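Starting from the known structure of chain A, arrange chain B on it as the hints suggest.
There are 2 protein chains.
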Amino acid sequence: MLLKTLREELADAEVPSHRLLVRAGFIRRAAPGGYTMLPLGKLVLDRITAVIQEEMLSAGGQEVSFPALLPREPYETSNRWTEYGDLLLTLKDRRGADHLLAPTHEEMFTLLVQDMTGSYRDYPILLFQFQTKFRDEARPRGGLLRGREFLMKDAYSFDLSEAGSIAAYGRMRAAYQRVFTRIGLEHTIVSATSGAMGGSASEEFLAAAEVGEDTFVGCTVCDHAANTEAVTTPVPAPVLATAPPLEVHDTPDTPTIAALVELANNRRLGGRDDWTAADTLKNVVVTVDHPGRDPELLAIGVPGDREVDMKRLEAALSPATATLFDDFAASPDLVKGYIGPQGIKIRYLADPRVAPGTSWLTGANEPGRHATNVVAGRDFTPDGTIEAAEVRAGDPCAACGEGTLTMRRGIEIGHIFQLGRRYTDAFKVDVLGSDGKPVRPTMGSYGIGVSRAVAAVAEQHHDDRGLVWPAAIAPVDVHIVAAGKDGQVEAALELGATLSRSGLRVLVDDRPNVSAGVKFTDAELIGIPKAVVVGRRLGEGLVEIRDRKTQERTEVPMVDVAGVIRADAG
Amino acid sequence: MLLKTLREELADAEVPSHRLLVRAGFIRRAAPGGYTMLPLGKLVLDRITAVIQEEMLSAGGQEVSFPALLPREPYETSNRWTEYGDLLLTLKDRRGADHLLAPTHEEMFTLLVQDMTGSYRDYPILLFQFQTKFRDEARPRGGLLRGREFLMKDAYSFDLSEAGSIAAYGRMRAAYQRVFTRIGLEHTIVSATSGAMGGSASEEFLAAAEVGEDTFVGCTVCDHAANTEAVTTPVPAPVLATAPPLEVHDTPDTPTIAALVELANNRRLGGRDDWTAADTLKNVVVTVDHPGRDPELLAIGVPGDREVDMKRLEAALSPATATLFDDFAASPDLVKGYIGPQGIKIRYLADPRVAPGTSWLTGANEPGRHATNVVAGRDFTPDGTIEAAEVRAGDPCAACGEGTLTMRRGIEIGHIFQLGRRYTDAFKVDVLGSDGKPVRPTMGSYGIGVSRAVAAVAEQHHDDRGLVWPAAIAPVDVHIVAAGKDGQVEAALELGATLSRSGLRVLVDDRPNVSAGVKFTDAELIGIPKAVVVGRRLGEGLVEIRDRKTQERTEVPMVDVAGVIRADAG
Numbered sequence: 001m002l003l004k005t006l007r008e009e010l011a012d013a014e015v016p017s018h019r020l021l022v023r024a025g026f027i028r029r030a031a032p033g034g035y036t037m038l039p040l041g042k043l044v045l046d047r048i049t050a051v052i053q054e055e056m057l058s059a060g061g062q063e064v065s066f067p068a069l070l071p072r073e074p075y076e077t078s079n080r081w082t083e084y085g086d087l088l089l090t091l092k093d094r095r096g097a098d099h100l101l102a103p104t105h106e107e108m109f110t111l112l113v114q115d116m117t118g119s120y121r122d123y124p125i126l127l128f129q130f131q132t133k134f135r136d137e138a139r140p141r142g143g144l145l146r147g148r149e150f151l152m153k154d155a156y157s158f159d160l161s162e163a164g165s166i167a168a169y170g171r172m173r174a175a176y177q178r179v180f181t182r183i184g185l186e187h188t189i190v191s192a193t194s195g196a197m198g199g200s201a202s203e204e205f206l207a208a209a210e211v212g213e214d215t216f217v218g219c220t221v222c223d224h225a226a227n228t229e230a231v232t233t234p235v236p237a238p239v240l241a242t243a244p245p246l247e248v249h250d251t252p253d254t255p256t257i258a259a260l261v262e263l264a265n266n267r268r269l270g271g272r273d274d275w276t277a278a279d280t281l282k283n284v285v286v287t288v289d290h291p292g293r294d295p296e297l298l299a300i301g302v303p304g305d306r307e308v309d310m311k312r313l314e315a316a317l318s319p320a321t322a323t324l325f326d327d328f329a330a331s332p333d334l335v336k337g338y339i340g341p342q343g344i345k346i347r348y349l350a351d352p353r354v355a356p357g358t359s360w361l362t363g364a365n366e367p368g369r370h371a372t373n374v375v376a377g378r379d380f381t382p383d384g385t386i387e388a389a390e391v392r393a394g395d396p397c398a399a400c401g402e403g404t405l406t407m408r409r410g411i412e413i414g415h416i417f418q419l420g421r422r423y424t425d426a427f428k429v430d431v432l433g434s435d436g437k438p439v440r441p442t443m444g445s446y447g448i449g450v451s452r453a454v455a456a457v458a459e460q461h462h463d464d465r466g467l468v469w470p471a472a473i474a475p476v477d478v479h480i481v482a483a484g485k486d487g488q489v490e491a492a493l494e495l496g497a498t499l500s501r502s503g504l505r506v507l508v509d510d511r512p513n514v515s516a517g518v519k520f521t522d523a524e525l526i527g528i529p530k531a532v533v534v535g536r537r538l539g540e541g542l543v544e545i546r547d548r549k550t551q552e553r554t555e556v557p558m559v560d561v562a563g564v565i566r567a568d569a570g
Numbered sequence: 001m002l003l004k005t006l007r008e009e010l011a012d013a014e015v016p017s018h019r020l021l022v023r024a025g026f027i028r029r030a031a032p033g034g035y036t037m038l039p040l041g042k043l044v045l046d047r048i049t050a051v052i053q054e055e056m057l058s059a060g061g062q063e064v065s066f067p068a069l070l071p072r073e074p075y076e077t078s079n080r081w082t083e084y085g086d087l088l089l090t091l092k093d094r095r096g097a098d099h100l101l102a103p104t105h106e107e108m109f110t111l112l113v114q115d116m117t118g119s120y121r122d123y124p125i126l127l128f129q130f131q132t133k134f135r136d137e138a139r140p141r142g143g144l145l146r147g148r149e150f151l152m153k154d155a156y157s158f159d160l161s162e163a164g165s166i167a168a169y170g171r172m173r174a175a176y177q178r179v180f181t182r183i184g185l186e187h188t189i190v191s192a193t194s195g196a197m198g199g200s201a202s203e204e205f206l207a208a209a210e211v212g213e214d215t216f217v218g219c220t221v222c223d224h225a226a227n228t229e230a231v232t233t234p235v236p237a238p239v240l241a242t243a244p245p246l247e248v249h250d251t252p253d254t255p256t257i258a259a260l261v262e263l264a265n266n267r268r269l270g271g272r273d274d275w276t277a278a279d280t281l282k283n284v285v286v287t288v289d290h291p292g293r294d295p296e297l298l299a300i301g302v303p304g305d306r307e308v309d310m311k312r313l314e315a316a317l318s319p320a321t322a323t324l325f326d327d328f329a330a331s332p333d334l335v336k337g338y339i340g341p342q343g344i345k346i347r348y349l350a351d352p353r354v355a356p357g358t359s360w361l362t363g364a365n366e367p368g369r370h371a372t373n374v375v376a377g378r379d380f381t382p383d384g385t386i387e388a389a390e391v392r393a394g395d396p397c398a399a400c401g402e403g404t405l406t407m408r409r410g411i412e413i414g415h416i417f418q419l420g421r422r423y424t425d426a427f428k429v430d431v432l433g434s435d436g437k438p439v440r441p442t443m444g445s446y447g448i449g450v451s452r453a454v455a456a457v458a459e460q461h462h463d464d465r466g467l468v469w470p471a472a473i474a475p476v477d478v479h480i481v482a483a484g485k486d487g488q489v490e491a492a493l494e495l496g497a498t499l500s501r502s503g504l505r506v507l508v509d510d511r512p513n514v515s516a517g518v519k520f521t522d523a524e525l526i527g528i529p530k531a532v533v534v535g536r537r538l539g540e541g542l543v544e545i546r547d548r549k550t551q552e553r554t555e556v557p558m559v560d561v562a563g564v565i566r567a568d569a570g
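Sequences listed follow chains A and B, in order.
Under UniProt numbering, think of the first position of the first sequence as 1, with each following residue one higher.
Under UniProt numbering, think of the first position of the second sequence as 1, with each following residue one higher.
So here's chain A without its partners, still in its complex pose (with noise of 0.2 Å):
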């Protein structure tokens, strides 16, 4: 076998599974964001595969496979060619022709659907496949986490009524929750906004793990559980308005919170000498690109205790994207350091904390100096709320009003939508109703990133010795490591043999000048579930059965190794 198992470790590699799979010898990078699947790991995505191909069938799928790379006319139409942004891989081809490879396939099957119905008989219909997706990633990271390409499952269901494509919905993230558990990932489902998808509701399956690119919450009382980007903010009771007018204070050299806070109570601006940060109103002007328009400048006010999350900014802004403005030179009405919302002249959005009511220190709009009494709905009126501030632990549940958040990190491992009729709707899908009346599908999509996969379970299951495979997923079942030249090869190729026939997956390590401690060293990295060791008690006809994960070894006969796996198995 192809496999070098490496003993440094990788300058790269920042996360465990990363680091594991590149030196136990399951991938290899091959280009920015693209990893090679080596034969270890090829079995092992090859595994988690059929057990997601199984449980679509079984969820009443059809598997289909569409072309990776399209024209770009179909993603003109539902916006997406833009939307998507820098992500989408864009090329032209011999004759100029604009193409895409595409991130999903909501379009083709959304016009593959149409193209092959007609009437409600021939509903409700759920396709999947298995492809390989290019996303142009600007800082792929984490090896299989997040890379240019990697292996996708999508589906996409088609209901005639609304509540067939919620049954649907329900249907698929049962089979979601029964494919993690079988390829042994401990995982959540969270509430999650619908980015460039589209659609009225999604949920997310996060995998835990420290080194997630998601943050989720839980809550202390009840069983809510979101991603932060999907996290909102209890609306605080009406604030009745008693607040003095508003008075503007000198307060040089604050153009910071903890400096405007430090001064205010020195000064006991308002009479006051207990300011905190959360007494003040941080207001960040950011740039937003609206796909195919003009950037629009758009000011964000939250409490000063918190920051700005970029990406519940972006999830709230979503399809457009936004960066950090700082071009303040040119822009003489915004006086960096001392914004206030009262008489700004760009959109301004609040955090829902900013209630009609609530009043605050913030900026006078001119340099070195702030104002008290600055009263949502009397000095200033939003142009709207915006969850973009921080969440942070302790934080209220809105979900139930009682408990307080919990925060954990986790892989993105499944996301399912309720798409409704963005795609249908764009390609005016209608097909004849059992009324004889024209009805427009409601769609659901669906997917499960294969390779990612891979990576969330070597996440969950490693040790310090190395990778500890689920048996459902490793890439065989059992490991035969020859220790020993007295005719130790010889019988661990042929335990192997015998083990292979009796419909044991098999890997046997017959290296020639290797020694046994380096043979059972790569053994413990690779994370076979069990390993056969044929040492020195094989003039006895005894081998050692090792256990990955409990360590438990067994002298067990020869001939009996296939029955103690087996048994062990289950």
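To be clear, the hints were calculated from the coordinates, so they are not data collected in a lab.
As the list makes no split between identical chains, a pair holds if one copy fits it or if it spans any two.
In the SDA-like style, the derived pairs of lysine to any residue whose C-alpha atoms are separated by at most 20 Å in a straight line are:
| no. | residue 1 | residue 2 |
| --- | --- | --- |
| 1 | Lys-485 | Lys-519 |
| 2 | Lys-92 | Pro-71 |
| 3 | Lys-437 | Arg-421 |
| 4 | Lys-519 | Asp-122 |
| 5 | Lys-519 | Gly-118 |
| 6 | Lys-485 | Ser-515 |
| 7 | Lys-485 | Arg-121 |
| 8 | Lys-519 | Thr-117 |
The structure displayed is predicted, hence computed values, not measured ones.
Using the frame of chain A, we list chain B on its own:
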């Protein structure tokens, strides 16, 4: 099942396999040269894939999977970034870096092997992958026959000795024969040219089919077979140069060979009236585009009874490409219709039949004039020979020197190459030999067009009613047709469930409101090996088994269906 058969013929489907695969609901066009595999098509593709995988593994191959999107550099090193020309699909990522969608992966496999091996102990190596390939075909045609995106199995062997490399080539050749035999493709192995792949020797596997793009020859005596690009012309025995001196004649209005021959006989040029086209020398001027260099004018001399075959010409010039030159106004030295090789100022390559001592009637490089007794080696000396003249049935066989050539058309389904060290030289791959000295591996590369094989099988296995799948790769084993409304649908579904449990793959046509006649027609179009009709004798417990190929019909008790079908399958 998402299945819609079409009655009407397709306007854009020029070959039977394309027409039938679309009409029977196996594939659907999604992009220029890009087809979606529908559920039935995906099943066939998967079965062919499984056969290939099995044979690759049993030939000692290890499966890997490379990215499709790759950086420019490795392909620059091998020069294929340029040599591949317009076929290569390239794009720039968000950083402006050049990438390509790999047409094949020699470079990446070579780099992987360089990275993962260091010693003779790691060899020999045989790796393979199944992967979607992209090529910007100028004229995609025939559905899956020639697409811009297609599934390919590519394999690469690495050996440290010439003998080892030849043995690997032989093993893969045998594995390919087994693959094509198992999936039901009648095929011929022909000598081929290596094209942009480089290397010393190659053979193609051609599936005989009238619609095939490749023309290949066989011999009436020996077992020689070659595609027309690789046919060699036997060199004629040396001719004693006894011809009289070159003589120029006025031959007005004879820009074509036909006009020239007629005039030559009418005027008894050189005292003869038995001139034929074969006595004349036709000189064709082409513009040759060498990758990365300025275009070059080149004249090709062929006997006047033969055309220049552009495919043979391009194969002979590869990696350069050629187009017919027609800007004679700009080149006064080249007199259109009256070009002769004597004194020609551009590079001149001649057909092997234009051997030293042969005498020709050809242009005199003056308008309206030709010359007789123009003797090769006396009056002109070509810069070399070239195999560019058309090959015809009846031509002598160069392999045995006895037989003559017969011609057939075929679809290229496999291509195997002895690459030698082209790529290991380019990347300077050296490993430690058993004698302690560095040794450079020798490569082979081996490809099967997997999606194209689906079309090739359809091309060889159909009749005027539709497709006739070989049992080994049929999408399912049994097609059950419910023909009737007296419990037939329920009985058909129950029979389907029973057969499924017995391990058979089953398709049940339980469509309501569709007549039995339409169902039968569809079943014949789809081409499952066995159909079971649950019809009017259901009450007696009898169903009819129909063999798609032989059209044989047998009534059997419902309970015996599984047994009868299995017995038939052998």
